[in-house]
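Asker: Residue strings, one per chain:
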Amino acid sequence: MKRTHFRNKILPYLLIAPQLAITIVFFLWPAGEAVLQSFQQEDAFGLKTSWVGLANYSDLFSDPVYIQSLEVTVVFTIAVTAAALIVALLLALAVDRAVKSGPAYTTLLVWPYAVAPAVVGVLWWFLFNPTIGILPYLLSLVGYHWNHALNGTDAMILVVIASAWPQVSYNFLFFVAGLQSIPASMREAAAIDGAGPVKRFFTITLPLLSPTTFFLTVVNFVYAMFATFPVIHATTKGGPAGSTDILVFKVYNDGFIGLNLGSSAAQSVVLLVIVIALTVIQFRFVERRVQY
Amino acid sequence: MVEKRPFLNFLAHAVLVLGVLIVAFPIYVAFIASTHGPTDFLSGLIPLTPGDNMVNTYGKMMTDGMASAGMPPLSLQMFNSLIMALTIAIGKIAISIISAYAIVYFRFPFRGLAFWLIFITLMLPVEVRILPTYHVVASLGMLDTYAGLTIPLIASATATFLFRQVFLTIPDELMEAARIDGAGPLKFFWDILLPMSRNNIAALFVILFIYGWNQYLWPLLVTTDPSHYTIVMGIKRMADVVDSQPQWNYIMATAILAMLPPVLVVILMQKLFVKGLIETEK
Chain A
1 MKRTHFRNKI LPYLLIAPQL AITIVFFLWP AGEAVLQSFQ QEDAFGLKTS WVGLANYSDL
61 FSDPVYIQSL EVTVVFTIAV TAAALIVALL LALAVDRAVK SGPAYTTLLV WPYAVAPAVV
121 GVLWWFLFNP TIGILPYLLS LVGYHWNHAL NGTDAMILVV IASAWPQVSY NFLFFVAGLQ
181 SIPASMREAA AIDGAGPVKR FFTITLPLLS PTTFFLTVVN FVYAMFATFP VIHATTKGGP
241 AGSTDILVFK VYNDGFIGLN LGSSAAQSVV LLVIVIALTV IQFRFVERRV QY
Chain B
1 MVEKRPFLNF LAHAVLVLGV LIVAFPIYVA FIASTHGPTD FLSGLIPLTP GDNMVNTYGK
61 MMTDGMASAG MPPLSLQMFN SLIMALTIAI GKIAISIISA YAIVYFRFPF RGLAFWLIFI
121 TLMLPVEVRI LPTYHVVASL GMLDTYAGLT IPLIASATAT FLFRQVFLTI PDELMEAARI
181 DGAGPLKFFW DILLPMSRNN IAALFVILFI YGWNQYLWPL LVTTDPSHYT IVMGIKRMAD
241 VVDSQPQWNY IMATAILAML PPVLVVILMQ KLFVKGLIET EK
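Heads up: the protein sequence lines correspond to chains A and B, in order. Anchor point for the first sequence: position 105 equals 105 in my numbering, and the numbering is continuous, going up by one each time. Anchor point for the second sequence: position 19 equals 19 in my numbering, and the numbering is continuous, going up by one each time.
Worth double-checking, as some hints may not be accurate.
[As the list claims (entries may be wrong)] Listed next, the in silico DSSO-like pairs over lysine-lysine satisfying Cα-Cα at most 30 Å (straight line):
#, chain 1, residue 1, chain 2, residue 2
1, A, Lys2, B, Lys275
2, B, Lys275, A, Lys100
3, A, Lys100, B, Lys271
4, A, Lys199, B, Lys4
5, A, Lys9, B, Lys187
6, B, Lys187, B, Lys60
7, B, Lys187, A, Lys100
8, A, Lys100, A, Lys9
9, B, Lys4, A, Lys2
The set of hints was computed from the structure by calculation and includes no laboratory data. The model shown is predicted, which means the values in this text are computed figures rather than measured ones.
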């Protein structure tokens with residue numbers, strides 16, 4: 001808070017107007033519309049809308065397809081987060097150890113962050129292509145017949161790898177920063193007391209990294225739940241048989257392709273509640289996390 | 001380093017080399033694929049050594065695109081992506097820096113409310129309000145326009161918070177001195193605040209350029225006219241050609257060109273990129 005302020009009656013409103021105008025027109029209005037529509041239903045011809053209370057929601061949660069989508073989202077989110085965090089932590093630990101050549105490796109490891117998720121999806125879709133892809137060929141040598149167009153597990157593995165790949169770079173940068181903020185004296189003291197590298201990792205490094213890890217977990221959850229739409233859309237389109245149909249993709253599919261307004265709006269509101277919860281967690285509990 | 005452990009050092013380098021290879025592998029395969037002619041993919045396996053069709057493939061994609069799939073030339077799509085990325089990055093920075101200035105340096109009724117309204121946008125990613133936002137944009141007649149592609153994405157709580165933080169760390173004395181010297185609010189903003197936040201603006205620009213370039217869902221919704229396709233969304237339309245096998249060499253050339261600008265930005269401006277990334281997540 002500033003001690004003194006400019007005295008001007010109109011200027012501050014002019015300054016803040018563009019931001020507020022866009023916020024109201026393109027954020028609040030549509031969000032409000034989604035909430036309203038989630039309590040309404042249109043007849044088959046879109047001529048009449050009527051209020052139906054919570055019917056859209058109760059339909060949603062009694063729909064086995066939606067429940068499946070929820071389960072798929074949970075599995076997908078946890079898998080992407082775990083994979084991206086563990087790989088990133090391994091790489092960060094290695095960079096922390098390779099002091100001199102660390103920056104060179106860092107450059108070679110961060111750029112996937114800049115590759116659009118849609119492009120990443122297309123790349124892995126190509127690598128895993130059942131007829132000409134190199135990975136199915138290698139898998140067939142060990143006797144596994146990969147086909148993500150037919151096998152739900154294969155499809156899930158494909159989208160998890162493609163989604164985690166660019167996120168590793170992001171997590172890696174934050175883990176490196178977190179590791180650098182751990183005082184060397186602590187590790188030295190532990191080493192003098194006879195703790196080996198493994199013991200030091202679990203008793204010193206990991207606990208001191210926990211704020212970074214917690215913060216990254218929340219960010220990765222948000223990423224996996226919302227930002228991975230392009231990966232799904234560019235590869236499996238939720239298939240086969242809904243095995244990679246995450247919530248965000250389902251909203252798009254039901255609303256934009258299937259034109260089921262009431263249900264799509266109710267799904268939007270469910271997602272909205274999830275985002276709000278994650279944002280609150282991020283701002284309430286992730287306050288004092290990393291020292292840069 | 002705490003102690004000498006040659007084996008651990010070796011392990012660290014091994015992990016890093018492996019990591020770099022895994023990260024680079026998809027790009028390598030994509031690039032190799034883009035240098036081959038279409039018939040090279042009929043043999044049953046992706047080729048792993050460069051072909052001789054590179055100039056041909058890229059030349060055709062840049063100038064003609066894929067007419068059969070209704071795809072305009074990539075040069076046009078890259079131009080659209082560039083417009084989109086620049087408008088989003090500059091627009092977000094411009095409207096965020098002035099609203100942060102208003103919030104920090106002025107006292108006015110509804111200041112708190114305005115701050116909260118901006119904060120709420122954090123909780124409303126486009127993915128959760130796809131259909132209603134599309135309706136709003138459609139009813140404003142903004143489909144298939146650059147304005148429709150960019151303006152709805154320009155509001156930014158993160159950028160506003162970042163500039164608010166920056167302004168709060170600037171000593172009050174500067175503003176008092178400026179006022180004593182007779183500088184008005186706009187002069188103070190232009191001559192003192194803006195130059196002082198130059199570094200933050202640059203870092204933010206790098207992040208937002210990547211964000212804008214990589215947009216997928218939004219262009220997918222608001223563009224139906226091929227002349228407004230961006231390259232990141234266009235790549236998928238191309239891969240969807242139903243009646244034939246996807247033309248891998250062209251698709252991979254598109255993928256390479258789609259990722260080249262943002263990747264170059266990250267590699268060439270790595271310091272700013274890291275700064276921007278860490279600042280915007282605070």
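Asker: All hints are to be evaluated individually against the structure, with a verdict given for each.
Answerer: Hint check results:
1. Proposed proximity of lysine 2 (chain A) and lysine 275 (chain B) is supported: the alpha carbons are some 26 Å apart, at most 30 Å.
2. A distance of roughly 21 Å separates the Cα atoms of lysine 275 (chain B) and lysine 100 (chain A); the hinted pair therefore holds under the 30 Å criterion.
3. At roughly 18 Å between alpha-carbon atoms, lysine 100 (chain A) and lysine 271 (chain B) fall within 30 Å of each other, so this suggested pair holds.
4. The straight-line distance between the Cα atoms of lysine 199 (chain A) and lysine 4 (chain B) is roughly 16 Å, inside the 30 Å bound, and the hint therefore holds.
5. Distance hint between lysine 9 (chain A) and lysine 187 (chain B) is fulfilled; the C-alpha atoms sit about 17 Å from each other, no more than 30 Å.
6. The suggested pairing of lysine 187 (chain B) with lysine 60 (chain B) is violated, with an alpha-carbon distance near 51 Å, which exceeds 30 Å.
7. Simply put, lysine 187 (chain B) and lysine 100 (chain A) have alpha-carbon atoms about 47 Å apart, too far for the 30 Å limit, and the pair is violated.
8. Under the criterion of a C-alpha separation no larger than 30 Å, the hint pairing lysine 100 (chain A) with lysine 9 (chain A) is inconsistent with the structure, at around 56 Å.
9. For the proposed pair lysine 4 (chain B) and lysine 2 (chain A), the alpha carbon gap of about 52 Å is over 30 Å, so the pair is violated.
The structure is inconsistent with the numbered hints 6, 7, 8 and 9, although it conforms to all the rest.
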